[in-house]
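Participant: Take a look at the letters that make up each chain.
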Amino acid sequence: MSNSKRLHPIAAVTNFFKQLKELIVPFIAFFVFGTKASEGDLWFFMGSFAVVILVLGIGVLNWLRFSYRLEEGELRMEYGLLVRKKRYIPFDRIQSLDFSEGILHRPFGLVKVKVETAGPSGAADAEAVLTAISKEEANRIQDIIAQAKGKLVEDALDTEVERLEERAEEKVIYQISSKELLVLATTSGGVGVVLSAMVAFLSQLDDLIPYESAYREVERVVSNGIIIVSVLVFIGFLLAWVVALIGTMVKFAQFTVKKTEREIIISRGLLEKRQITIPLNRIQAVRISENILRQPFGLCSVYLISAGGSVRNTEGSKMLLLPAVKKAQVAHILQEHLPILATTQPFNKPPKRSLPRYLIRGALMVIPLVIAAIAIFKLWGLLSIMLFLFSSGWSFVIYKDAGWSIEGQQLNIQYRGFIKHTLFMKKNNVQSVSYKESFFQRRKNLATMTSLIKSGMGAIGGTIVDIEKEDAREIYHWYSHSQKAPF
Amino acid sequence: MNEPQKRISDKALSVWRITGAMTSVMIMVMAGGVIWLSNVFSWPAWVVIAAVAAIILHVYLYVYLFPLLRWKRWRYEVREQEIELQQGVFVVRRTLVPMIRVQHVDTRQGPLLKKYGLATVDVSTAATVHEIPALPMEEAEELRQFISRLARVADEDV
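Residue numbers (this note's numbering), protein chains in the order written: chain A, 10 to 496; chain B, 2 to 159.
Extracted from the complex, chain A is given alone in its bound form (with noise of 0.2 Å):
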């Protein structure tokens, strides 16, 4: 079909890049613990430069003997530096190509390309990737592969016009409004991990900024007033929270929905373009998810469960599908695009009785804190019983949140942990489904239920606690492939 072929130069230069990223760590270690005698800079900072050098070597040496070429319907490549590795992958056995541009593939109008395949579950490498080729390169391999698996498909249905309608068509679901983007940038957890970033580095920079007479400088300003200590570091969370705001607004601008006859398609990203293709019959759930930020405006962010992903890639079995939306339009947005519905009736909660278990549990949770409280601090620790309070107060929450129902071949459960998740579930998707029962749910009358579905390489599952017992027998039965009733 095509001679083998080697990816662009650029993709030695990422590698370089992406090794050189790894080493940082180490480098920091060695800079900030292992240079406190001078005599010894010269010879560090030679050693520094041949590791870059090897670095360097390496990343082009891999890039010479990385080469790939599509024949007899397989994705054929060839690369390994001191062992010679061939890695062939049929056409068919290829589940989705995700493209993404980062900031050294725009310029050259280059994308990287990554093969999605149905690996052995388990593999590490259930997923290959081209580093950086051509646009029309990409185009073109996509074509073919999307031809052979239509051939594949054809040969099955016998009808060539379905083919052709279902390549033309390619429907825009969703796209993001500069107000969603903004409304997403500022309830978006990035703050503190910006924070957190920023303590972590000023204190690796122990030995560059001299804290000692900074401290001096800052006793005297402590003594100039409070009010100027509380504007400062009010400053430092606002800088923090704006970083955390233009990055998550670079993250997601342009953010899209593409849905075609087979595969959803998303892409997003201003300076590093990505796109990521689900197969439609991947999709093993969908997941609405409301944080304590969002929840107060009636936002949630809708993920998809896909069975795709590897081991070390966990990204590709939760995709974010709508970022920050009304969760009214959520039906809306979707209609019928999905193999799943996700609509909002209402639930199934769990009874009144199940109160009181739902706010001990809580409590249970509360209770080593407390002792632990009282036996340090005496007297103030007492304070601590405040606790409870809070305890309950979630603990109502989440009994508020708990809910299931049953539409048809549908499972949809609702629970919170800290966030408020809503899992709808194809009967068909759903692996196990387990009913508990403690001996003192017994005296009560109520039970546990547990479904469970695949996710990437593991499970994820949607577990509501001390609901009906006759409800939970209910879903069991549901389940159950068979005539007999299991109760």
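Among these hints, one or two may not hold up.
[Claimed, not checked] Pulled from the structure, derived: some chain A residues nowhere near chain B, Cβ distances all over 10 Å:
1. Gly245
2. Phe246
3. Gln284
4. Leu308
5. Leu373
6. Ile407
7. Tyr488
[Stated by the list, open to error] Using 27 Å as the maximum straight-line C-alpha spacing, the simulated BS3-like pairs for lysine-lysine come out as follows:
8. A:Lys478 to B:Lys7
9. A:Lys453 to A:Lys336
10. A:Lys14 to A:Lys158
11. A:Lys478 to B:Lys73
12. B:Lys115 to B:Lys12
13. A:Lys335 to A:Lys435
14. A:Lys188 to A:Lys94
15. A:Lys445 to B:Lys7
16. A:Lys445 to B:Lys73
17. A:Lys14 to A:Lys94
18. A:Lys478 to A:Lys358
19. A:Lys453 to B:Lys115
20. A:Lys436 to A:Lys268
21. A:Lys445 to A:Lys409
22. A:Lys435 to A:Lys327
Keep in mind the hints are simulated off the structure, nothing from the lab. Even for Gly, the Cβ is constructed at its ideal location relative to N, Cα and C.
Got chain A; can you put chain B on it based on the hints?
Facilitator: Same frame as chain A, but now just chain B:
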């Protein structure tokens, strides 16, 4: 309540008792150490009493009570369309695994199980593994073949 029908082998009881006894021996060694130390440093008498109580309690729970409860509770049933398991000591758990979700079945056997002619069957789906412990070897083998035959019929993606 309509429980799954089949029980696991009653030899499982012996196996579990032996493994329980092995952990008990470790507790005994630790408790023995405490008693010796309390003798050397002349700690108060209640330390010795507590250590002895811990040994007795552990033996009672892990050699007698838990294996018995566990065995009594353990039931399974393999039907054409699904596998149903029931297990638990204080919390009863019942699990349904549809045949179409089963990907493969393994049997495994440690030295202890081998001595009693038993084997454990692991039923794997794409995301989960379910264990049926301590079945007689022939039964485990039969079960493995039966499940894999049924699972092959119900072939579907993921």
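Participant: Hints numbered earlier in the text: which of these fail when held up against the supplied structure?
Facilitator: As far as the earlier hints go, 7, 9, 14, 19 are violated by this structure, in ascending order.
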